[in-house]
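K.L.:
Residues per chain are reported as follows:
There are 2 protein chains.
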Amino acid sequence: MEYNTGLPIYLQVIHELKKRMVKGELRPGEKMPSSRDLAVEFKVNQNTAARIYREMEQAGYCYTRRGIGTFVSEEENMFEELKQEMAGELLTNFMHEMRDLGFKKEDIITRITVYKEDEEHDAGV
Amino acid sequence: MEYNTGLPIYLQVIHELKKRMVKGELRPGEKMPSSRDLAVEFKVNQNTAARIYREMEQAGYCYTRRGIGTFVSEEENMFEELKQEMAGELLTNFMHEMRDLGFKKEDIITRITVYKEDEEHDAGV
DNA sequence: ATCAGTGATATAGTTAGATAGTACACTAGT
DNA sequence: ACTAGTGTACTATCTAACTATATCACTGAT
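Chains as they are written, first to last, in the working numbering: chain Y, 7 to 131; chain P, 7 to 131.
Bear in mind the hints are in silico, worked out from the structure with no lab data behind them.
Remember, it's a predicted structure, so these values are computed and weren't measured experimentally.
Each hint should be verified, as a subset may be incorrect.
Just so you know, same-sequence chains aren't split out, so a pair can sit in one copy or run between any two.
When the alpha-carbon atoms are kept at most 30 angstroms apart in a straight line, the in silico DSS-like pairs for lysine-lysine are as follows [claimed, not checked]:
hint : residue 1 : residue 2
1    : 37        : 111
2    : 25        : 122
3    : 111       : 29
4    : 122       : 110
Model the full assembly from the supplied sequences, consistent with the hints where possible.
P.N.:
Pasting the structure below:
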């Protein structure tokens with residue numbers, strides 16, 4: 007995983023883990039990597055890994071059992087809701103930014119229609 | 007202007023100023039606010055304001071004349087290019103994130119088609 | 001009882017971002 | 001010459017994020 011400049015790493019990892027849940031790569035009730043393994047996988051300190059699970063547990067996405075591990079929440083419905091929520095956030099942010107740049111809805115739809123997979127752009131300052 | 011948690015303030019201000027250039031609110035050659043005024047307007051320290059102009063100048067979006075002020079670049083073409091570049095970044099990021107969540111192009115177009123102005127969503131962890 | 005794997009906690013140190021305050025140097029207008 | 005407005009520079013301080021390292025406590029299996 008490559009990290010964005012600016013946004014704190016632990017937030018980026020949380021986002022990545024939430025995506026895995028939404029995509030079903032982490033199933034409800036399934037055991038998540040130990041904090042030590044998470045630290046290795048994401049090349050992060052154990053304290054940071056612990057923070058990631060602490061914050062995710064507080065948000066309800068997982069629960070921990072001391073001495074056993076951290077597990078994906080068993081609230082089956084949560085993840086479909088989360089998927090819609092994340093999509094909604096992406097959409098509104100995207101639309102606001104595009105409108106702010108002066109694009110209209112039709113412009114945006116046109117751009118997406120002609121959008122090709124391999125388009126890449128620089129990330130200038 | 008309200009600031010995002012996470013992303014450094016100076017990057018958010020730079021983004022805002024770039025948008026103003028793209029939208030024509032800051033015209034080529036026009037004098038930009040003094041670093042002191044910028045600090046006041048964005049409720050930011052003078053050092054941060056100075057950094058904002060320093061980085062923007064390095065990126066070519068403006069130039070400074072000591073004792074006079076900071077001015078929007080006179081490269082007329084730059085800003086239409088910048089507009090396209092920023093739109094391209096927004097689009098690819100958006101598409102990648104949506105695909106990553108499991109949405110297909112048709113799903114995305116449908117969502118945008120039914121998108122209403124006033125949609126709002128929480129910014130959960 | 002022991003042990004490996006786990007989460008939880010603690011201390012210390014580094015770095016980047018941001019602030020506060022001050023001072024210096026240049027430019028234009030008077 | 002003087003002054004106001006400007007960019008530039010410096011020191012000091014603060015906080016959040018992150019790392020390094022180590023220790024403790026709990027759980028399950030042997």
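K.L.:
Would you pick out the hints that fail for this structure and give their numbers low to high?
P.N.:
1
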